[in-house]
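Assemble the complex: chain V is given as a structure, and chain X must be docked to it using the hints.
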Amino acid sequence: MSASPLKVIVAEDSELQRLYLCSLINALGYQAIEAEDGAAALDLIRNTDIQILISDIEMPNLDGIALTRAIRQLDLDHYVHVIVVTGADDTEVREDALRSGADDFITKGGSTETLKARIRAATRLINHAKELAERTRALKEKNDLIEADLRAAANAQRQLLPDLHDDLLGFHVASAFAPSAIVSGDMFGCFEVSDDMLGFYAVDVSGHGVRASLMSVAIGHLVSPDYFRTHGFDDSGKPDPAALVAALNARFSTSDDDDYFTMFCGIINRHTGQLIFCQAGYPSPYLVDTTGDTLPLGDGGMPVGMLPFARYENNTHTLSRGSALVICSDGAAEAENPSGEPFGNDRVRSIAQNLSNVGVEQVPVDIVAALAAWRAGPPLEDDLTVVALERK
Amino acid sequence: MIHTTQHPKDITVVRPGVERLTAVNAKAFKDAVVALIEDGASQLIIDFGTVTFVDSSGLGALVGVLKRVGHRGDLVVCGLNADVAQMFQICRMDKVFTVYTSADAAVQKLAENQ
Chain V
1 MSASPLKVIV AEDSELQRLY LCSLINALGY QAIEAEDGAA ALDLIRNTDI QILISDIEMP
61 NLDGIALTRA IRQLDLDHYV HVIVVTGADD TEVREDALRS GADDFITKGG STETLKARIR
121 AATRLINHAK ELAERTRALK EKNDLIEADL RAAANAQRQL LPDLHDDLLG FHVASAFAPS
181 AIVSGDMFGC FEVSDDMLGF YAVDVSGHGV RASLMSVAIG HLVSPDYFRT HGFDDSGKPD
241 PAALVAALNA RFSTSDDDDY FTMFCGIINR HTGQLIFCQA GYPSPYLVDT TGDTLPLGDG
301 GMPVGMLPFA RYENNTHTLS RGSALVICSD GAAEAENPSG EPFGNDRVRS IAQNLSNVGV
361 EQVPVDIVAA LAAWRAGPPL EDDLTVVALE RK
Chain X
1 MIHTTQHPKD ITVVRPGVER LTAVNAKAFK DAVVALIEDG ASQLIIDFGT VTFVDSSGLG
61 ALVGVLKRVG HRGDLVVCGL NADVAQMFQI CRMDKVFTVY TSADAAVQKL AENQ
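Taken in sequence, the protein lines are chains V and X.
The first sequence begins at 1 in this note's numbering and counts up by one.
The second sequence begins at 1 in this note's numbering and counts up by one.
Keep in mind that the hints were calculated from the coordinates and are not lab data.
Think of the CB as a built atom: it goes at the ideal place given N, C-alpha and C, for glycine as much as any other residue.
Please note: incorrect hints may appear among the correct ones.
[As the list claims (entries may be wrong)] Facing chain X, according to a computed beta carbon distance under 7 Å, are these residues of chain V, among others: (1) Ser206; (2) Gly207; (3) Gly300; (4) Gly301; (5) Met306.
[To be verified] Ranges between beta-carbon positions, derived for each pair: (6) X/Ala82 to V/Asp149: 38 to 44 Å; (7) X/Asp10 to V/Asn354: 51 to 57 Å; (8) V/Thr254 to X/Asn113: 30 to 36 Å; (9) X/Ala82 to V/Lys140: 41 to 47 Å; (10) V/Val358 to X/Asn113: 52 to 58 Å; (11) X/Thr101 to V/Thr136: 49 to 55 Å; (12) X/His71 to V/Arg229: 37 to 43 Å; (13) V/Thr112 to X/Lys27: 56 to 62 Å.
Bound conformation, chain X alone:
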């Protein structure tokens, strides 16, 4: 389901490949991203640019992925629409994840940080 794009310095941009990240597909999303991490990916950008809605299960899966990355790497998000951003805000996920406006901005920042 997910689409990935590789960038220099081992940065991976992940697009969930679904419009709605919900209880229906949250586990598949998490399993796919965890598989990337197990294959060695450690600088991850989740691009929500084409995602219109994230429910509580979707958010749970995202935090599950963050726990998997742990201190071994970085996981940031970008492209949140107004509804998704509001959900991040009400759950204070903006304090847990670094949020970028676009994948380009996120790639640039992660590259600089290394």
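So here's chain V without its partners, still in its complex pose:
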């Protein structure tokens, strides 16, 4: 028990009875607080944090039953244990008291031992609740720390993402990035790798949350313009994104866990519009031309870091002036509406198709908005990345 004695309110209109009960309670090591009727007791309950009440039934102003009912209607941040004093055979009164919210009974004129046992039982519950509250407080404190850390990590992660609302080498690039948790397992990059070549990639690490985000940040640091220059070209200087993807696969398939990532990686020539790309399990991006015709690029490829023996291939396509590439992680197509229907590739495609009408900036915004409407409330379950890249 704490240093200061636990307080117990004694609500009893008969002064003699009240003094008798109070002396018993004080003798048990508690501190009895007198209330001469129900209204006085309710005042004390309201204005103090006393958690045990011993109450008579028949009292002026507010009887024991009404007092109990009133206490149960209060919005207190602690529980009040109500022990009602009744006659030995007052079954009906006891049932009434139970219905109104009483916890326990003692019999008027009953033994001190019973009174002691009842108050002890209430004390155990109060101490238990106190311990729980303390544990909850400690957990919340830890949780707040973890969340603050995660937000800091999310900021650090966002700073790795390129600021894509700029023109790069004659390409107009726009993007949207929506983590499902605070941090994300998605990553993308887009940069000049030479005076003529724009390199870009999008990555989606399997799973999501902290574990996936750690890997995505590692990839974000690794796959720099320099990495493109040293791993993304063959000996003759021709773009070879498959070689870059294979280098990443060699690096990431050494560990024994099941983590891997999907990737789409490409290098475009600004003068000819020739795009050489490697698809590694990432959804096919859509190529949208000025008439609104859309074509999914690529027919698949093994993910990265899954199997050491995976082989990767390059494919080529030409982006004519005014046409654009819309890259979208599987968080879009797999997002389900409240009745469990996935958003699907066709809906992504039809938004991409609209690019020539709405402009490259608008497509990522439209996909994010369409998904929010599709989800109708709940946040996305998977990370979402949309990158739209137009050759001007």
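Using the frame of chain V, we list chain X on its own:
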């Protein structure tokens, strides 16, 4: 979570016992199948007949199981619905796993191969 059916020639058909094999249950699925392998099962058929969706974690778990089987046995899959088949295709998992239309077809083929 998984349900298994034993067939002659030590062939085991495994049904994941979930509609969606995702980050939520992928590890439990893998642990359960790996336990079968550790108990000696080596001819495994994963029947996706009642599975409607497999996410990237589910696929990772499946490949993890394949690595565990290694050269000591066989692991094939069957019963892929259109969405799951598309995911297998985009990740070229159809080059990694032998895919059968049904568990019966897979059982028959594995038995013949032995």
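Going down the list of hints, with the structure as the test:
no.: 1; hint: Ser206; in the structure: holds, 4 Å
no.: 2; hint: Gly207; in the structure: holds, 5 Å
no.: 3; hint: Gly300; in the structure: holds, 4 Å
no.: 4; hint: Gly301; in the structure: holds, 6 Å
no.: 5; hint: Met306; in the structure: holds, 5 Å
no.: 6; hint: X/Ala82 to V/Asp149: 38 to 44 Å; in the structure: holds, 42 Å
no.: 7; hint: X/Asp10 to V/Asn354: 51 to 57 Å; in the structure: holds, 56 Å
no.: 8; hint: V/Thr254 to X/Asn113: 30 to 36 Å; in the structure: holds, 32 Å
no.: 9; hint: X/Ala82 to V/Lys140: 41 to 47 Å; in the structure: holds, 46 Å
no.: 10; hint: V/Val358 to X/Asn113: 52 to 58 Å; in the structure: holds, 55 Å
no.: 11; hint: X/Thr101 to V/Thr136: 49 to 55 Å; in the structure: holds, 54 Å
no.: 12; hint: X/His71 to V/Arg229: 37 to 43 Å; in the structure: holds, 39 Å
no.: 13; hint: V/Thr112 to X/Lys27: 56 to 62 Å; in the structure: holds, 59 Å
In this structure, every one of the numbered hints holds.
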